[in-house]
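Going down the list, the protein sequences come from chains A and B. Everything in the first sequence is counted per the working numbering, starting at 3 for the first residue and increasing by one. Everything in the second sequence is counted per the working numbering, starting at 3 for the first residue and increasing by one.
Possibly wrong hints are sitting among the right ones.
Stated by the list, open to error - Distance ranges between label pairs, derived from CB positions:
{"no.": "1", "chain 1": "A", "residue 1": "Glu59", "chain 2": "B", "residue 2": "Asp192", "range": "17 to 25 Å"}
{"no.": "2", "chain 1": "A", "residue 1": "Asp140", "chain 2": "B", "residue 2": "Pro141", "range": "45 to 53 Å"}
{"no.": "3", "chain 1": "A", "residue 1": "Gly29", "chain 2": "B", "residue 2": "Leu87", "range": "46 to 54 Å"}
{"no.": "4", "chain 1": "A", "residue 1": "Ala88", "chain 2": "B", "residue 2": "Gly29", "range": "49 to 57 Å"}
{"no.": "5", "chain 1": "B", "residue 1": "His119", "chain 2": "A", "residue 2": "Arg13", "range": "45 to 53 Å"}
{"no.": "6", "chain 1": "A", "residue 1": "Asp70", "chain 2": "B", "residue 2": "Leu87", "range": "30 to 38 Å"}
Quick caveat, the hints were computed from the structure, so don't treat them as lab data. Even glycine gets a Cβ: it sits at the ideal position worked out from N, Cα and C.
Each chain, letter by letter, is given below.
Protein chains: 2
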Amino acid sequence: MRQPAQERGRRRRDALLDAGAELLAEGGFAKVSHRAVAERAGVPLAATTYYFRSRDELIAAAFERMVDRDIAATGARFTERIRRLAPDLPPGPATAGTARVPARAAAEAFAAALLPHDEAERRRQLALWELYLQAGRDPALRPLARAWTDRCRALTRELLRISGYQATEAFVHMLGAAADGLAIEAIVEDRPNAVRSMVEIVSHALDRIRTTEGA
Amino acid sequence: MRQPAQERGRRRRDALLDAGAELLAEGGFAKVSHRAVAERAGVPLAATTYYFRSRDELIAAAFERMVDRDIAATGARFTERIRRLAPDLPPGPATAGTARVPARAAAEAFAAALLPHDEAERRRQLALWELYLQAGRDPALRPLARAWTDRCRALTRELLRISGYQATEAFVHMLGAAADGLAIEAIVEDRPNAVRSMVEIVSHALDRIRTTEGA
DNA sequence: TACAAACTGGTACAAGCGTACCAATCTGGG
DNA sequence: CCCAGATTGGTACGCTTGTACCAGTTTGTA
Chain A
3 MRQPAQERGR RRRDALLDAG AELLAEGGFA KVSHRAVAER AGVPLAATTY YFRSRDELIA
63 AAFERMVDRD IAATGARFTE RIRRLAPDLP PGPATAGTAR VPARAAAEAF AAALLPHDEA
123 ERRRQLALWE LYLQAGRDPA LRPLARAWTD RCRALTRELL RISGYQATEA FVHMLGAAAD
183 GLAIEAIVED RPNAVRSMVE IVSHALDRIR TTEGA
Chain B
3 MRQPAQERGR RRRDALLDAG AELLAEGGFA KVSHRAVAER AGVPLAATTY YFRSRDELIA
63 AAFERMVDRD IAATGARFTE RIRRLAPDLP PGPATAGTAR VPARAAAEAF AAALLPHDEA
123 ERRRQLALWE LYLQAGRDPA LRPLARAWTD RCRALTRELL RISGYQATEA FVHMLGAAAD
183 GLAIEAIVED RPNAVRSMVE IVSHALDRIR TTEGA
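Starting from the given sequences, assemble the full structure and let the hints guide the process.
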């Protein structure tokens with residue numbers, strides 16, 4: 003049931019997952035019904051209950067897929083931008099105390115990578131947070147939520163390392179939390195200063211890392 | 003319709019709002035139906051559509067009420083705790099550069115004030131965030147969301163002032179965002195270290211305020 | 001005390017929901 | 001080639017939902 007034996011079945015399950023993720027992004031939680039998903043995926047209604055035990059299971063699986071994509075996209079956007087700034091940056095571990103990318107540039111890369119840059123992406127991120135919050139009520143979703151948090155934190159750590167900053171675990175945690183807070187604010191309200199705020203705040207934080215925690 | 007002319011009407015509207023807020027906290031968005039609210043409030047079904055034009059309007063009004071209560075409760079918890087530490091603290095503006103409450107103590111007051119300390123409160127805060135996110139989809143909710151953000155920021159600024167810290171606007175923004183991020187994490191997942199993390203992070207941040215932004 | 005307005009409460013409706021069911025069809029391994 | 005098991009697709013059931021409706025009752029005021 004989880005992994006269909008036949009090729010066409012696998013494609014259908016996949017299409018359902020994609021349709022679920024799309025609907026989740028477009029209209030949030032409430033818009034994801036068996037009927038809507040089936041129609042979007044171009045399969046009959048009954049296929050949804052055939053490939054997923056229940057609506058909740060479908061949503062959980064779609065959430066997982068969205069997380070995968072989001073993490074990958076964020077990482078890619080960041081490294082692409084950073085490497086444009088410092089093309090010779092080696093992929094190996096950063097040397098302690100050597101901030102190779104200026105704080106402001108790194109902060110700009112952070113903002114560009116984390117904040118949504120179009121309406122579709124904004125809605126995707128909105129959906130991710132909705133699912134995340136839902137985990138506060140539904141224990142079945144909690145492991146996924148925790149996994150998302152962990153991967154975000156690991157990504158933050160990695161992005162810092164890539165840009166040449168060596169940070170304590172507490173700093174990573176702080177930066178991640180602040181970035182989350184700012185990102186949510188940017189996603190929900192649309193205030194004009196979201197990018198500027200994040201750049202300012204992150205670069206301030208990175209500035210301090212050198213004087214207080216660098217070699 | 004918004005403000006009933008008769009006494010009993012006002013009481014009913016109030017009871018509906020309370021019931022709505024309760025249900026919102028207990029089961030989130032999905033659990034708030036006309037029927038559930040009416041039953042909880044002890045009024046007939048039709049009263050819900052009599053006092054509120056629609057379900058959305060009822061929910062928005064309940065959201066507003068929850069925000070009021072949350073802001074008030076958080077502020078009260080913080081000042082109560084701080085004044086226990088520094089009973090002579092005057093309510094006037096803090097003198098520049100003088101950090102009167104040790105960073106660690108202030109951080110502990112922050113954590114105690116912001117993080118939920120029982121299950122009911124956890125669910126209330128969860129509901130607040132759910133509503134906030136919903137504002138990302140529903141423009142009608144956006145002014146309320148913005149108002150919440152603004153009041154939270156003002157509260158952060160005020161709490162810093164009370165404890166004797168003078169911070170730039172950027173610092174207030176950063177601290178607020180980080181606190182939001184940490185609070186959401188604590189509310190959704192229940193990791194054991196939520197309080198410790200917040201104390202550590204906030205006190206680090208406050209430590210830095212003295213050396214870099216004080217007098 | 002009369003009367004318009006505010007309010008009550010019971011009921012009805014159409015729509016959408018998750019899920020179950022099942023006869024018909026397809027498909028891959030023996 | 002054949003058949004057990006995988007898959008299909010159409011339909012149906014029981015339930016909940018938001019909202020509309022309206023004949024009655026209560027209320028504040030003139």
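Requested in this report: Identify every previously stated hint that the structure contradicts and give their numbers, smallest first.
Outcome: Hints 2, 6 are the ones this structure does not satisfy, whereas the remaining hints hold.
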